[in-house]
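**Student:** The residues making up each chain are set out below.
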Amino acid sequence: MSSKKIRVLVAKPGLDGHDRGVKVVARGLRDAGMEVIYTGLHQTAQQVAETALQEDVDVVGLSILSGAHMTLVPRIKELLSKSGMDDVLLLVGGIIPEGDREELLARGHADQVFTPGDTLEKITDYIFQSFKESRDS
Amino acid sequence: MQQLVEDLLNGSKRAAARLISLVENDDLQKIELLKEIFPHTGRAYVVGVTGAPGSGKSSLVDCLLQQMRADDLKIGVIGVDPTSPFSGGAILGDRIRMQEHALDQDVFIRSMGTRGSLGGLARATREAIQVLDAFGKDIILIETVGVGQSEVDIVRTADSTMVVLTPAGGDSVQTIKAGIMEIADIFVINKADLPGSEKTITEINMMLDMKKSDKWRPPVLPTISVRSEGIAEVWGALKEHRSYMEKSGYLMEIRRQRVSRELTEQVEYLVKSRIWERVKERFKLDSLVEKIVLRQKDPYSTANELLEQIKFYGENGKEGD
Ligand SMILES: Nc1nc2c(ncn2[C@@H]2O[C@H](COP(=O)(O)OP(=O)(O)OP(=O)(O)O)[C@@H](O)[C@H]2O)c(=O)[nH]1
Ligand SMILES: [Mg+2]
Chain A
5 MSSKKIRVLV AKPGLDGHDR GVKVVARGLR DAGMEVIYTG LHQTAQQVAE TALQEDVDVV
65 GLSILSGAHM TLVPRIKELL SKSGMDDVLL LVGGIIPEGD REELLARGHA DQVFTPGDTL
125 EKITDYIFQS FKESRDS
Chain B
16 MQQLVEDLLN GSKRAAARLI SLVENDDLQK IELLKEIFPH TGRAYVVGVT GAPGSGKSSL
76 VDCLLQQMRA DDLKIGVIGV DPTSPFSGGA ILGDRIRMQE HALDQDVFIR SMGTRGSLGG
136 LARATREAIQ VLDAFGKDII LIETVGVGQS EVDIVRTADS TMVVLTPAGG DSVQTIKAGI
196 MEIADIFVIN KADLPGSEKT ITEINMMLDM KKSDKWRPPV LPTISVRSEG IAEVWGALKE
256 HRSYMEKSGY LMEIRRQRVS RELTEQVEYL VKSRIWERVK ERFKLDSLVE KIVLRQKDPY
316 STANELLEQI KFYGENGKEG D
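Here the protein sequences line up with chains A and B, keeping their order.
Every position in the first sequence, counted from 1, becomes a number in the working numbering once 4 is added.
Every position in the second sequence, counted from 1, becomes a number in the working numbering once 15 is added.
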C-alpha cells in the first residue's frame, strides 16, 4: 500500500540572519502533515539545490529577506533543472516587491511568491492544491 | 533491469534519492526494486549513532565525516527524526549541522521521519541502507531519534554502535536510560567542555569494569564536537572495533542473524498478506465484527472458523494447503 508524504525543503539562501519566520512556516507545514527538511541559515544556491536532490523533495521553499531574490531564485531554479528536478514546486517567501514577484512568476523561475501578509493556511492550501492537480492530470 | 536501479549502480544521485523515496513510501514496485538491488549490497559498513536528544549526535557525525573523507571513504548518512503522531508530519533537522558536506560528491545525506516506528529508526531505514550500500558507499552512518522506546533497532541494524552521552553534571550516571550501557561499542562523552565530564567518564568506566567479559571492552572517549576535539580518537576506536568485529568472526555472525531475522520477517509478511487476501475475498469482516460486538460470537472461535474455511489447516486439520 503506497503511503506518500509531501516532502518540503525549507531553506534560507543568502546572507540575512533572521530565521524566526521560516521556523514558524516549517512548523506549520509539519502540522499540516508534511515532512520538512530545514537546513539552517546562509545556504548557497548550490547547497539548496544539492539538498533538494538528495532529499528528493517535492517542494522547495525559499525564504529571502536580503533583497537578493532576483539572482538567487533563477539560479536555484536553473540548478534544480540541471539535476532533473524540473517538476519540483518552487515557492518563495519574503519581502518581494510586486514588480519582482510578477517577473519571477512570468519567467517561470518560481511557482508562487508569498509575502509577509500571507497566512500559513494560504501556503499549505497552495501546496495541497498543486498536488491534487498533479495527481488528477 | 529497471532503469532506476541501473542508474543507481552507475552513480546517479537522483536515482538513489528516488529509490529511497519509493521504498519509504511502500511503492508497489518496492519488492521488485529491492530484489534487483540486493545482489549489489553487503559491502558497506554500518555505524549507528544514538543518544539523548540534543546530546550532539549530528555534530559528531559532521566531525566524523571530515575524518572519514580524509581517508577517502565514500559516506552515506541517514538522519532520523520523529514523526508527529498527531499530524503525521515531521521536522527533519539533522542536516543543519552537516551542510558543510552538502556539496561533497562522495557524501550523500538523507533525512527520514520515523513514520510510526518506535525503535529509534524510521520504518524504512533498513531499505534505505540497502540503496546506499548498492550506491557504493563504504560507510553508512545512521543517526537515531534518541527517544526510541528501546534502542534495539539500531543494534540490530548497525555493525558498530556509538552511544553519545553528555556530562551528567552533578547527577550520577546511574540515571542513564536503562539498556543504553549494553548496546554501546563506543561511548562518546560529548560536550566535554561542560563541567562534570571527568566524573562521568570515570563512572562509566567503573560500570564497564564491573562486568567481566572477554569480549570487546567499549572505550569511553571525550569529545567537544563544536570544536572538533577528540574526533580522531573516536574514528580510531571505530576502526579498531571494525577490525575486531571482522577478525573475531562476530561481524559474520551478526550479519547472519540479521539475514535470518529479515527472512523470517519477509515470510511472515507474505503469509500474513496472502491469508488476509483470501479471508477478505470470502468474508464480510464488518458483519462478523458486528456479531462479536453484540456478543453473538467470540473473536477466538471466529478466527479459527475463518482459517478453517480458507483451508489454512488443510484437509486433516494439519497445517498446510
Ligand atoms: N558546549 C557544547 N555544545 C555542543 C557540543 N556539541 C554539540 N553541542 C550543541 O548541542 C546542541 C545539539 O547538537 P546536535 O548535534 O544537533 O545534537 P543531536 O543529538 O543531533 O540533536 P537531535 O538530533 O535533535 O537529537 C547544539 O546547539 C550544538 O551546538 C559540544 O561539544 N559542546
Ligand atoms: Mg541530530
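Any given hint could be a false lead.
[Stated by the list, open to error] Computed far set for chain B versus chain A, every beta-carbon distance over 12 Å:
id: 1; residue: Tyr60
id: 2; residue: Asp96
id: 3; residue: Gly104
id: 4; residue: Arg110
id: 5; residue: Ile111
id: 6; residue: Asp119
id: 7; residue: Phe123
id: 8; residue: Ser126
id: 9; residue: Gly128
id: 10; residue: Val170
id: 11; residue: Arg171
id: 12; residue: Met222
id: 13; residue: Ser258
id: 14; residue: Ser302
id: 15; residue: Ala318
[As the list claims (entries may be wrong)] Partial pick of chain A residues on the chain B-facing surface, computed with a CB cut under 10 Å:
id: 16; residue: Arg11
id: 17; residue: Ile41
id: 18; residue: Tyr42
id: 19; residue: Thr43
id: 20; residue: Gln51
id: 21; residue: Leu57
id: 22; residue: Glu59
id: 23; residue: Ile99
id: 24; residue: Pro101
id: 25; residue: Arg105
id: 26; residue: Leu109
id: 27; residue: His113
[What the hints assert, rightly or not] Pair ranges (Cβ atoms, derived):
id: 28; chain 1: B; residue 1: Arg29; chain 2: A; residue 2: Pro120; range: 29 to 37 Å
id: 29; chain 1: B; residue 1: Val274; chain 2: A; residue 2: Gly44; range: 32 to 40 Å
id: 30; chain 1: B; residue 1: Ser263; chain 2: A; residue 2: Gly44; range: 39 to 47 Å
id: 31; chain 1: A; residue 1: Gly44; chain 2: B; residue 2: Leu88; range: 20 to 28 Å
id: 32; chain 1: B; residue 1: Glu244; chain 2: A; residue 2: Pro120; range: 50 to 58 Å
id: 33; chain 1: A; residue 1: Pro120; chain 2: B; residue 2: Leu118; range: 26 to 34 Å
id: 34; chain 1: A; residue 1: Leu124; chain 2: B; residue 2: Arg293; range: 41 to 49 Å
id: 35; chain 1: B; residue 1: Thr279; chain 2: A; residue 2: Pro120; range: 50 to 58 Å
id: 36; chain 1: B; residue 1: Lys230; chain 2: A; residue 2: Leu124; range: 49 to 57 Å
id: 37; chain 1: A; residue 1: Pro120; chain 2: B; residue 2: Asp87; range: 44 to 52 Å
id: 38; chain 1: B; residue 1: Arg293; chain 2: A; residue 2: Gly44; range: 23 to 31 Å
Hints listed in this document are in silico derivations from the structure and should not be mistaken for laboratory results.
Here the structure is a predicted model, which is why all the values come from computation and not from measurement.
The beta carbon of each residue, even a glycine, is placed where N, CA and C say it ideally should be.
**Student:** Taking the numbered hints from earlier one at a time, note which ones the structure violates and give those numbers from smallest to largest.
**Tutor:** 2, 3, 4, 5, 6, 7, 8, 9, 23, 24, 25, 26, 27, 32, 38
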